[in-house]
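J.: The listed protein sequences correspond, in order, to chains A and B. Be aware that the first sequence starts at 1, since it is given in my numbering, and climbs by one per residue. Be aware that the second sequence starts at 1, since it is given in my numbering, and climbs by one per residue.
No lab work stands behind these hints: they were computed from the structure. On a predicted model such as this, the values are computed, not experimentally measured, just so you know. Every residue gets a Cβ at the ideal spot worked out from N, C-alpha and C, and that includes glycine. A few of these clues could be false.
[Unchecked claim] Calculated cross-link-like contacts (lysine-lysine; reagent style BS3-like; alpha-carbon spacing at most 27 Å):
(1) B:LYS107 x A:LYS159
(2) B:LYS18 x A:LYS107
(3) B:LYS59 x B:LYS49
(4) B:LYS18 x B:LYS49
(5) A:LYS18 x A:LYS107
[What the hints assert, rightly or not] Output of the computed footprint for chain A on chain B, the stretches with three or more beta carbons under 8 Å from beta carbons of chain A:
(6) 140-147
(7) 159-165
(8) 171-180
(9) 183-197
Protein chains: 2
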Amino acid sequence: MSVEDRRVKRLPREVREKQILDAAVQVFSEHGYHNASMDEVSEVAGVSKPMIYAYLGSKEDLFAACIRREANLLMEAIVGGVDQNQPADMQLWMGLRSFFEFVAANKPSWRVLHRQAISQGGPFSEELVAMRSRAINLVDALLFRSATRHGVEEQHATKSTEAMAAALVGGGESMADWWLDHPEVPTRVVASWLMNLVWMGFGDLVEGTVWQPTP
Amino acid sequence: MSVEDRRVKRLPREVREKQILDAAVQVFSEHGYHNASMDEVSEVAGVSKPMIYAYLGSKEDLFAACIRREANLLMEAIVGGVDQNQPADMQLWMGLRSFFEFVAANKPSWRVLHRQAISQGGPFSEELVAMRSRAINLVDALLFRSATRHGVEEQHATKSTEAMAAALVGGGESMADWWLDHPEVPTRVVASWLMNLVWMGFGDLVEGTVWQPTP
Chain A
1 MSVEDRRVKR LPREVREKQI LDAAVQVFSE HGYHNASMDE VSEVAGVSKP
51 MIYAYLGSKE DLFAACIRRE ANLLMEAIVG GVDQNQPADM QLWMGLRSFF
101 EFVAANKPSW RVLHRQAISQ GGPFSEELVA MRSRAINLVD ALLFRSATRH
151 GVEEQHATKS TEAMAAALVG GGESMADWWL DHPEVPTRVV ASWLMNLVWM
201 GFGDLVEGTV WQPTP
Chain B
1 MSVEDRRVKR LPREVREKQI LDAAVQVFSE HGYHNASMDE VSEVAGVSKP
51 MIYAYLGSKE DLFAACIRRE ANLLMEAIVG GVDQNQPADM QLWMGLRSFF
101 EFVAANKPSW RVLHRQAISQ GGPFSEELVA MRSRAINLVD ALLFRSATRH
151 GVEEQHATKS TEAMAAALVG GGESMADWWL DHPEVPTRVV ASWLMNLVWM
201 GFGDLVEGTV WQPTP
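Make the full structure from the sequences, and use the hints.
T.: Set out below in structure tokens:
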């Protein structure tokens, strides 16, 4: 065994897995699931194919692991970006801004998460449905607290805020896809458009009333 | 050739194609693209497999034809439901209501269009992207007319209304998916939640200000 081999082997498992997942996200986002090859993942990661299979399983398992990790990173970025002591509108604004900033800083993540995973369907749908549910629950909780604090009856608020949260998450995904084709628009601006759409509504916007964050 | 064979053969092509497409939408929506069999389409349609292949091509071609037809029906339902002489808010309301009514009345269509086609990806993505573009353009034109009439500068309105239209279409899709799991909510109610979210905004809603159609 050469000195280099021993050095390579001594890396802790989590470091090695991170190398593999980073490479896999890059390769999957560039070529799509079907055209991505484990050879390229191995090359980009600098980790042998047998070791990839040993650590993370088949190509299908690897793709599912990518979705899971990127979904967790996205959710952590959103939750971490929100100050729960702020009023509801500021919390929503912080969440939307964190979301678009994550997409901008992690375009391969988003492509794997959203475009690739959705277009593969099948075994990956569950991971995606789980991630969307978490995002919807997060927004729902915010809208629900905010609505019931203002006297909307709980019974009525439950369903309508959940449906609106679903619409907001779908709207965010769709706007992020739009933004990938218009990267010249600053993320803060796209985030403010979505914030204004869902907080002020188009009725106020056309009258020139806009929402702005408190300084 | 029996009398019945001759009678069957005499049906005009468009009638036969409609039978095939109706059956295919039903079979694809029940089993998904991969598990759907041409044998079942043939059985449900009452049309022989060779005739299906002759008229509409392979299973892939048939699925693409289903997406195209259902997308056209959906767009026709939305456009047909909107009275262009009404103010912008009423037009949006009519469009949203027509959309949810279409989904409710054509659940297999929606499943094929949205859930199946998205989860298949690949060759069907183009059909879907084209349909979404048409929907986004439709909403964009409405928002743009409405915004510029109220003095928003054209330059600014172009991009923001297009992005907001993308968000609205994504929000509608996501809410329709939510509704499939909550069919006990009347379509008029779901439509009004989305209308209120995008027209009034959540800021107004929590204050108890809601949008209602003029009688």
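J.: Any hints from earlier that this structure breaks? Give me their numbers in increasing order, please.
T.: 2
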